[in-house]
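Engineer: Using the sequences and the hints given, assemble the complete structure.
Protein chains in written order, with numbering that gives the first Met the number 0: chain A, 0 to 464; chain B, 0 to 339.
Honestly, the hints are just simulated from the structure, not real lab data. Each residue gets a CB set at the ideal place from its N, CA and C atoms; glycine is no exception. Among the hints, erroneous ones may be present.
Claimed, not checked - Calculated pairs, DSBU-like style, for lysine-lysine (alpha carbon to alpha carbon, straight line, at most 30 Å):
1) B:Lys275 - B:Lys220
2) B:Lys46 - B:Lys106
3) B:Lys46 - A:Lys265
4) B:Lys133 - B:Lys106
5) B:Lys46 - A:Lys347
Said to hold, decoys possible - Some chain A residues near chain B, calculated using beta-carbon distances under 7 Å:
6) Ser58
7) Pro159
8) Phe208
9) Phe211
10) Ile254
11) Phe257
12) Arg375
13) Glu416
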Amino acid sequence: MHGVVMVFFFLIPSIPAVLGNFLVPIMIGAKDLAFPRINLLSWYIYVLGGVFTLFAALSGGVDTGWTFYTPYSTAASNSHVMSAALGVFITGFSSILTGLNFIVTIHRMRAPGMTWFRLPLFIWAHYATSLIMILGTPVIAITVLMVAAERALHLGIFDPALGGDPVLFQHLFWFYSHPAVYIMILPAMGVISEIVQAFSRKNIFGYSFIAFSSLAIAVIGFFVWGHHLFVAGQSVYAGLIFSFISFLVAIPSAIKVFNWTATIYKGSVSLDSPMLYAFGFIGLFTIGGLTGLVLATMGIDIHVHDTYFVVAHFHYIMVGGAIMGYLGGLHYWWPKMTGKLYSEAWSKFSALIVFVGFNLTFFPQFIAGYIGMPRRYHAYPPEFQVLNVLSSAGASILAVGYIIPLIYFMYSLVAGEKAANDPWGSRGLEWEIPSPPPTENFTVTPVVTEGTHQYVHPSQEVGVA
Amino acid sequence: MFTNFPLFPQQASVQAGQVDAIYFFVVAITAFFSLIIAGAIAFFAAKYRRRHDAEVGVAIHGSLILEILWSVIPFFLTMGMFAWGAKVFFDLYRPPAGAMEIFVVGKQWMWKIQHMDGQREINELHVPVGRPVKLIMGSEDVIHSFYIPAFRVKADVIPGRYNTLWFEATKPGTYHLFCAEYCGTKHSGMTGRVVAMDPADYQAWLSGGSASDSPVAAGEKLFQDLVCNTCHIQGSQGRGPVLTNLFGNTVELQDGGRVTADEAYIRESIVNPQAKIVAGFQPIMPTFQGLVTEEQLLQLIAYVRSLSAQGTAPSPAGTAAPTMPQKSDQPVQEPRKPGR
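Structural biologist: The following block contains the structure:
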């Protein structure tokens, strides 16, 4: 239940829906998304999917985990698999429509002069994300529909007792669900690229490498799903290919981290709260990404597969990455979205709390996993006790770190100082319009003459692209 | 609370050291890069901190040389990890010839284990140290995963097929056995222990207790009880194919295909006989799905194997020559180094 709600209803939609819907049109100089009504429809669909999932939760929950592995989900589980699966199915359409909307908007609605290589990196990241959304989501939709069909009609698709193949489900599921990790992390990477530039007052180092690495991650990400099946008895040779491609996907991720680091070099660095979240993101993403190498190494994966090592790894990537990106973006653009300023001292404090709490929660799980604690164990031998207590303590600290922003954001809406057009001294189309922006964003369609985050006049520039 | 607080798992199999070695290699490289990134960010953030409000950074657009360096160096490092990891995986995956075999059946929520000379155990697995052990595993219901952390081995146990796993224990002791694939609400109760014993102690354990029929004997009895023998007649042609010397050999099928008669093929031929019809025979065999349990299927397979020279498993008591090839399609394992 935790996984279903967090993955499908928070991590996947959070940045594209909250920040993307707002910023994609503004950043390219458009009045709105290409299909505003479809955008509204995708919100209604999301709510409908949420209702089904909420029903599953309130009526006793679903005990399959978010992975719905067959034949447990189709033949054994007595919990509310149907409504949860339908919730996932329905919400998928929300994702597809959002992706479609972004792609059309980015292709068709750029302001005069906004060429592809002047696009903010946030836009490139959302473009890559949208590709995954429209290419991957139909697969999970069909897959959960097949689970529902086998459960209700006893069609033999996955259950070997009915002539099906349970491992087929894992292939279909991870064909979407591995790229889905990139749906969560790519928008966050886009946010971080913007923040690192704004708070270094410096244009990005290696623009085209960051932009194309997003596309590379989106494309290569579709060919790594089999690394979830190293111990499931898939062909050894298939495993080899999947391991190889999984290592390849690490390269564009590494390129991003190195370029962000190089961007700070000779910048004018200000440690405002969005930048603290960006540093937090780079830290957590680096740990999460590099432990991904441990898991991609087939010989090690046999040992750590389905242990807490995996739990720690994907929380660092998906949760650490997506939440740091989301909170960083929220803090960066909050003045723009609401026209109000929040407490800088409290926001720095909470960024620190989130970072400390997160690491205390999930770092011990790497150790527990390597010692051999399997996932999804609520009861365990005593030698895992200390590490689990540390994790629980960290989770409590993390919760405090999430509650504090909730309070000061709400407070800023009521009593916050009014935000100027450009409170950070940043550059970009969104900072040239009032805070909050008028309904149609721009009174006059802007004409773009340079890329984003140009803080220095071209005549004073050093270095070449 | 802190009296039992290990930070690293025990090493108790020949594989454990191999897995840990590559783990340390990958962790060392990743820690090195993490520290470089963290150090560089901290250093730059301090050195280039904003000194007055209107200050801006220096416009630097990039460096192709740096981009190539930080793409190519990580690429070769990861390829090193890939190659070494694949090597370890292959070693973990392929059981050495002559490994002692044990049947495992997973069900919600227990492990049922049957030794080749009849001993049965639930949630316990007794094995001798110093001898490769191969587990042939099936599931009665949902997917489980057989995991022994101290040995660094794991394999999913999937209904409708057999997966194998092998290890060679090096240290006598008692180790955790976990189910590592979520299999229902009592998943975390599907645990047990693996007892690795000195060969002499293991012999004593084998001869103690009440052993039931060996899987081969039980399979033979089933073969008669289920009247398989009316069609599959020993040594002469009946309405069904002869099973003598079937196991491990290639079977010609009605549709022109070929299949190697392994455990999966025999299982399929029992529960879904129409799937692969042997050339020259009619599709007249009924399905036995639901009539035989997973354990009985394994016993029938053990019996069919025993009819074939290639299918004869080494005796669990360790009397058979451990180098005897056990299946024709298995690669010959390199000679074992002494002292491992």
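Engineer: Confirm or reject each hint.
Structural biologist: Verification of the supplied hints:
Using a Cα cut-off of 30 Å, the hinted pair Lys275 of chain B and Lys220 of chain B holds, with the two alpha carbons roughly 25 Å apart. Between the alpha carbons of Lys46 of chain B and Lys106 of chain B the distance comes to roughly 61 Å, so the proposed pair goes past 30 Å and is violated. Taking the CA atoms of Lys46 of chain B and Lys265 of chain A, the gap is about 8 Å. The hint holds against a cut of 30 Å. For the proposed pair Lys133 of chain B and Lys106 of chain B, the alpha carbon gap of about 19 Å is at most 30 Å, so the pair holds.
Distance restraint check for Lys46 of chain B and Lys347 of chain A: the Cα-Cα separation of roughly 20 Å lies within the 30 Å cut-off, and the hinted pair is therefore satisfied. The criterion of a C-beta within 7 Å of any C-beta in chain B is not met by Ser58 of chain A, whose closest approach is roughly 16 Å, and the hint is violated. Hint status for Pro159 of chain A: holds, given a least beta-carbon distance of 3 Å to chain B, under 7 Å. For Phe208 of chain A, the interface hint holds, the least distance from its beta-carbon to any beta-carbon of chain B being 5 Å, beneath 7 Å.
The closest approach between the C-beta of Phe211 of chain A and any C-beta of chain B is roughly 11 Å, which is over the 7 Å cut-off, so the hint fails. Interface restraint check for Ile254 of chain A: the shortest CB-CB distance to chain B comes to about 6 Å, inside 7 Å, so the restraint holds. Nearest Cβ of chain B to the Cβ of Phe257 of chain A: about 4 Å, under the 7 Å cut. The hint holds. Annotation: interface hint on Arg375 of chain A holds; nearest CB of chain B at approximately 5 Å, less than 7 Å.
Residue-level restraint check for Glu416 of chain A is violated (minimum Cβ-Cβ distance to chain B is 17 Å; threshold 7 Å).
Violated hints, in rising order: 2, 6, 9 and 13; the structure is consistent with all others.
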